[in-house]
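Based on the hints, put chain Z in the right spot on chain C.
Line order of the protein sequences matches chains C and Z. Residues in the first sequence are numbered from 1 upward in steps of one, following this note's numbering. Residues in the second sequence are numbered from 1001 upward in steps of one, following this note's numbering.
Treat the hints with care, as some may be off.
Stated by the list, open to error - Think about it this way: if two alpha-carbon atoms lie no more than 25 Å apart in a straight line, the pair counts; the simulated SDA-like pairs of lysine to any residue are:
no., chain 1, residue 1, chain 2, residue 2
1, C, Lys174, Z, Glu1038
2, Z, Lys1088, C, Tyr179
3, C, Lys296, Z, Glu1085
To be verified - Beyond 12 Å from chain Z on every Cβ pair, some chain C residues (computed):
no., residue
4, Lys41
5, Thr81
6, His125
7, Ser304
Said to hold, decoys possible - Chain C is faced by these chain Z residues, among others (derived, beta-carbon under 8 Å):
no., residue
8, Gly1079
9, Gln1082
10, Arg1093
If you are wondering where the hints come from, they were derived from the structure by calculation, not from laboratory data. A virtual CB, placed ideally from N, CA and C, is assigned to each residue, including glycine.
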Amino acid sequence: MSGAKMVVQALIDQGVDTVFGYPGGAVLPIYDEIFLQNSIKHFLVRHEQGAVHAAEAYARSTGKPGVVLVTSGPGATNAVTGLTDALMDSIPLVVLTGQVPTFMIGSDAFQEADTVGITRPCTKHNWLVKDTDALAHTLHTAFHVACSGRPGPVLVDIPKDVQFANGTYEGPAKIKSHYQPQLKGDLDAITALVEAMETARKPILYTGGGVINSGPVASQLLRELVEATNFPITSTLMGLGCYPGNGDNWLGMLGMHGLYEANMAMHDCDLMINIGARFDDRITGRLDAFSPGSTKAHIDIDASSINKVIHVDIPILGDVAHVLEDMLKVWKARGRKTNSKALKTWWAEIDGWRKIRCLDYAADSKVIKPQYALERLEALTKDHDRYITTEVGQHQMWAAQYMTFNDPNRWMTSGGLGTMGYGVPASIGAQVAHPGSLVINVAGEASWLMNMQEMGTAMQYGLPVKQFILNNERLGMVRQWQELLHGERYSQSWSESLPDFVKLAEAFGAKGILCSDPADLDEAIMQMLAYDGPVIFDCLVEKHENCFPMIPSGKAHNEMLLGDAAIKGAIDASGSVLV
Amino acid sequence: MNALNITKGTSSKSAYNLRSGHADLNERHTLAVLVANEPGVLARVIGLFSGRGYNIESLTVAEVDHEGHTSRITIVTSGTPQIIEQIKAQLGRIIPVYDVHDLTVEGPSVERELSLFKVSGKGEKRVEALRLADVFRANVVDSTLDSFTFEVVGSPEKIDAFADLMRPLGLAEMARTGVAALSRG
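Next up, chain C with everything else stripped away, as it sits in the complex (with noise of 0.2 Å):
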């Protein structure tokens, strides 16, 4: 068989049915064989970045690793950002990249780049094939490795020659791999943590991607263990829909841009659970002021995320999933104790800083407020079978404050990396996953820009995906910094030249809406819902609205800020550095 045909074989083999794409001469013998099959389906996009993004949301989405084919050189070095992206979220990827034939990598070759080189640090592992009998237990140890332990994005670069040479096929049962990371979490520490929930006064549940990432069972065992211990639960931005949004004991999205209750559980509590999640610096903000006085328990499957940043007292090492069953079982068999009493009083405190609304705005009745347009679209989009993609910036935790997400695998957004761009490809991703489903772009119109011609591929494969634009002419986010800490200089922070977004629309084929009045705006979106095909809708909002609740850079979680008075002086020099 040759190497072409063992790369199709081995997708197929893998359970693959989907690839994202794009052509060029070092992967052509492969797209030969895509040509002759049909169990594959390809998604060509317009830009490699893009096809790696489109794979994390169909990644995100299906809980099924993505899979991206581009070439060489310019193919590869174009996927990198979308590499990165997948390996600071853990989202499982399996890039195969066209080479330059073996015999001529290291001279330059046209369109040659030290793929594996560069790519190194940015995925969880990667291959350079040099060898075609090697390269089905390469393809095949590829996805066992992308999504084994912590998920992440692998990469197989292989040679043109390597893809025209025959070898010997071997299917994935015979792959045997050395790397088996650790699911059963110790059964001691375990203990220890539920010994430390029977008793604790101030108990807080800290979730994120990891809950995801381990699958569904993960989220139903969470929800079975909120609903048992009465526990408050909240949850980083990559952990959303791991617990419903509109559950009773739901706190709300926690760090910078956090909800106020549930930053200040965080920090007053006396017993921190952190589930899959990694005390990122966006979480924690100042350290030494990091929740003072709690015991910290720690739930990953990932050993060096363990003691990274904050010293946790009860390590524990393992899957979600089946960390929580253990957990369930030993807090049961100790007869399903919590301190109910001390609960009571921990949930009045609770009530109270609920009472503060952080997320209250001014409402206007002739600007469309982007909290607005957010609270809007969520009240007529919530019943919809919904998948909501997002850029990066103010509009990001917008709408992570103001949508609610029930169900884990619905909410797809850049993290770690915090990857402009990232939206209008991951909606095509999660379209093509979910056909039948609605599926929502919360954009900002900079960070849209950035892979726009990605509308191209909605269009070719008819996703009526909707980009909704919270179009303030600024790059919010970057505004909102240089209003708080650089003495309202606004450096390059405004969108000049914007093109008109509906007949943008328009000549891509789409349909475009524009909406500038409070009062248009539910009949606007309801036009957008109704049309069946992609929509760009242009929300024109306020201009200089602000994100908040905030924890500036360099405080802690109960120096928040609320609403935008009296900002002035309250990021103090050392925050600045910061971001």
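Showing chain Z alone in chain C's frame:
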């Protein structure tokens, strides 16, 4: 709405400035890393150290099991206890890494380094160099009328000491292999 609890100038720590917050003293650790002998594995290890800002004091690598395609990388590094733990965990995360041993904490171990010294001089200095070499149990592996090349094997400290002695006696060049280490028993 008002800003809550914000007092000006309260924060001197930065959320990115993690390491200076820990006042622990740096420790020197010798790590033995067993890896699959495949292309790029050394680049992965070195890239981890440079990418995450860890120190490498010395590094040696060679295949130790030809049948099993296994190489042994010995790394001498330094950092706070927390950083050392991070280094071990990050090394363990590299797919072709089979095992990471911290020889500094896993009980007694022996460390050896091989070094070559070219010392040129004449007369009394030349005699003195040879006399000291004898004290250090150095071998003369090459000699000309006005130079010696010594081979010294021992702990890094012994080699440092020998270099200090040779410097005034005409040390022209030296080469060191870096530390190889094994646990005892």
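Going straight from one Cα to the other, do lysine 174 of chain C and glutamate 1038 of chain Z come out at no more than 25 Å?
Satisfied, since the Cα-Cα distance of roughly 21 Å is no more than 25 Å.
Answer holds if the nearest beta-carbon of chain C is closer than 8 Å to that of glycine 1079 of chain Z; otherwise answer violated.
Violated, because the Cβ-Cβ distance from glycine 1079 of chain Z to chain C comes to roughly 13 Å (cut-off 8 Å).
Over 12 Å from every CB of chain Z: does histidine 125 of chain C meet that, or does the non-interface label fail?
Not fine: 4 Å to the nearest Cβ puts histidine 125 of chain C too close to chain Z.
Tell me if the interface restraint on glutamine 1082 of chain Z is satisfied: Cβ within less than 8 Å of some Cβ in chain C.
holds (7 Å)
Please settle this one: lysine 41 of chain C was flagged as non-interface, so is its CB more than 12 Å from every CB on chain Z?
holds (30 Å)
Regarding the assertion that serine 304 of chain C does not contact chain Z, is the least Cβ-Cβ distance greater than 12 Å?
violated (4 Å)
Sort out whether glutamate 1085 of chain Z lies within 25 Å of lysine 296 of chain C, counting only the CA atoms.
holds (18 Å)
Is the interface hint satisfied for arginine 1093 of chain Z? The criterion is a beta-carbon contact with chain C at less than 8 Å.
The hint holds - arginine 1093 of chain Z has a Cβ within 8 Å of chain C, the shortest such distance being about 5 Å.
Is threonine 81 of chain C truly not at the interface, in the sense that its beta carbon sits beyond 12 Å from all beta carbons of chain Z?
holds (17 Å)
Hey, lysine 1088 of chain Z versus tyrosine 179 of chain C, does the alpha-carbon distance stay inside 25 Å?
holds (17 Å)
The earlier numbered hints that this structure contradicts are 6, 7 and 8.
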